[in-house]
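Novice: Okay, here's what each chain looks like letter by letter:
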Amino acid sequence: GDSVTQMEGPVTLSEEAFLTINCTYTATGYPSLFWYVQYPGEGLQLLLKATKADDKGSNKGFEATYRKETTSFHLEKGSVQVSDSAVYFCALISGRSQGNLIFGKGTKLSVKP
Amino acid sequence: NAGVTQTPKFQVLKTGQSMTLQCAQDMNHNSMYWYRQDPGMGLRLIYYSASEGTTDKGEVPNGYNVSRLNKREFSLRLESAAPSQTSVYFCASSEQGAIETQYFGPGTRLLVL
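These protein sequence lines map, in sequence, to chains A and B.
Per the working numbering, the very first residue in the first sequence carries number 1; after that it's consecutive.
Per the working numbering, the very first residue in the second sequence carries number 1001; after that it's consecutive.
Think of the hints as simulated: they come from the structure by calculation, not from any bench.
Bear in mind that the values here come from a model prediction, so they are computed numbers and not experimental data.
Note that the Cβ used here is the ideal one computed from N, Cα and C, for glycine as well.
It is possible that some hints are incorrect.
Estimated spans, in silico, between C-beta atoms of each pair [claimed, not checked]: (1) E69/A - S1080/B: 42 to 50 Å; (2) L1113/B - Y30/A: 40 to 48 Å; (3) G95/A - L1113/B: 36 to 44 Å; (4) K1014/B - E16/A: 44 to 52 Å; (5) T70/A - G1016/B: 46 to 54 Å; (6) N1065/B - D54/A: 41 to 49 Å; (7) A1082/B - Y39/A: 45 to 53 Å.
A few chain B positions that, by computed beta-carbon distances, are all more than 10 Å from chain A [claimed, not checked]: (8) R1044; (9) L1045; (10) S1051; (11) V1060; (12) G1063; (13) S1067; (14) R1072; (15) E1079; (16) S1080; (17) T1086; (18) E1095; (19) T1101; (20) Q1102; (21) V1112.
So that you can see chain A by itself, here it is in the shape it has in the complex:
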């Protein structure tokens, strides 16, 4: 079936460091891709999304580009802040998922001052 694989965490960075969280997917056709973020003690929030190949989603300084050739949707931020500490989930929607989100396992990010 369709699936999402994220890099294992936790990831610990110093403030202002560059962030990359890898995400690759397996899906038939052309899925839509998402990054959701979960801050401590809260529900998930949509961070960004891309619905077709080569689209770039961006929000709050985070970016991810839909790469069909490498089936990837890596999340990047140029300079992280302590307030970015959270769990990040990559997800997809495909025809086989009946239009529902399939989530990766999540990557915990801790940013130290």
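Use these hints to put chain B onto chain A, whose structure you have.
Specialist: Just chain B, lined up with the frame of chain A:
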């Protein structure tokens, strides 16, 4: 706007007991979802309701039932709780379908002894 609200926040059950988790949204959304979140597993869809009057099984529906009471409310029932149902449960809603941004509630932490 309260967004998506869930009750209770925390519950302890004994094996075999039943309970209903409540979810309500005030955004006039058509679609609603129930997920469970387990350590290292990401989020998995239990049931969803694409629109008022319809419900469908997700990835892990066994042991659960749902009711879309009206457009605002979507409840999740455990008829006979088992320790394997110990988890954090999230309700979410979207305007129409999962391709739209999903808005999550704060979660219900359930412990089954």
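Novice: Just want to verify: S1067/B was marked as not at the interface with chain A; is every Cβ pair farther apart than 10 Å?
Specialist: S1067/B is indeed farther than 10 Å from all Cβ atoms of chain A, at 19 Å.
Novice: Holds or violated: is the Cβ of S1051/B farther than 10 Å from all Cβ atoms of chain A?
Specialist: holds (12 Å)
Novice: Please confirm whether V1060/B is truly not at the interface, meaning its C-beta sits more than 10 Å away from all C-beta atoms of chain A.
Specialist: V1060/B clear of chain A: closest Cβ-Cβ about 12 Å, beyond 10 Å.
Novice: Go ahead and decide if the range 46 to 54 Å is satisfied by the Cβ distance of T70/A to G1016/B.
Specialist: holds (49 Å)
Novice: Far enough from chain A: is every CB of that chain over 10 Å from the CB of E1095/B?
Specialist: It holds; E1095/B is separated from chain A by about 12 Å at its closest Cβ, greater than 10 Å.
Novice: Could one say that the CB atoms of N1065/B and D54/A fall in the range 41 to 49 Å?
Specialist: Once the Cβ atoms are compared, 43 Å apart, the range 41 to 49 Å for D54/A and N1065/B holds.
Novice: Since R1044/B was said not to touch the interface, does its Cβ keep a gap of more than 10 Å from each Cβ of chain A?
Specialist: violated (8 Å)
Novice: Taking the closest pair, is the beta carbon of S1080/B still more than 10 Å from chain A?
Specialist: About 26 Å separates S1080/B from the closest Cβ of chain A, which puts it past 10 Å; holds.
Novice: Confirm or reject the statement that T1086/B sits farther than 10 Å, beta carbon to beta carbon, from all of chain A.
Specialist: The assertion about T1086/B holds, with a minimum of 18 Å to chain A.
Novice: For the pair L1113/B and Y30/A, does the Cβ-Cβ distance stay inside 40 to 48 Å?
Specialist: Given about 46 Å between the Cβ atoms, the range holds.
Novice: Just double-check G1063/B for me: nearest Cβ-Cβ distance to chain A has to come out over 10 Å.
Specialist: holds (19 Å)
Novice: Just want to verify: R1072/B was marked as not at the interface with chain A; is every Cβ pair farther apart than 10 Å?
Specialist: Per Cβ check, R1072/B is outside 10 Å of chain A; nearest 17 Å; holds.
Hints 7, 8, 9, 19, 20 from the list above are not met by this structure, while the remaining hints are.
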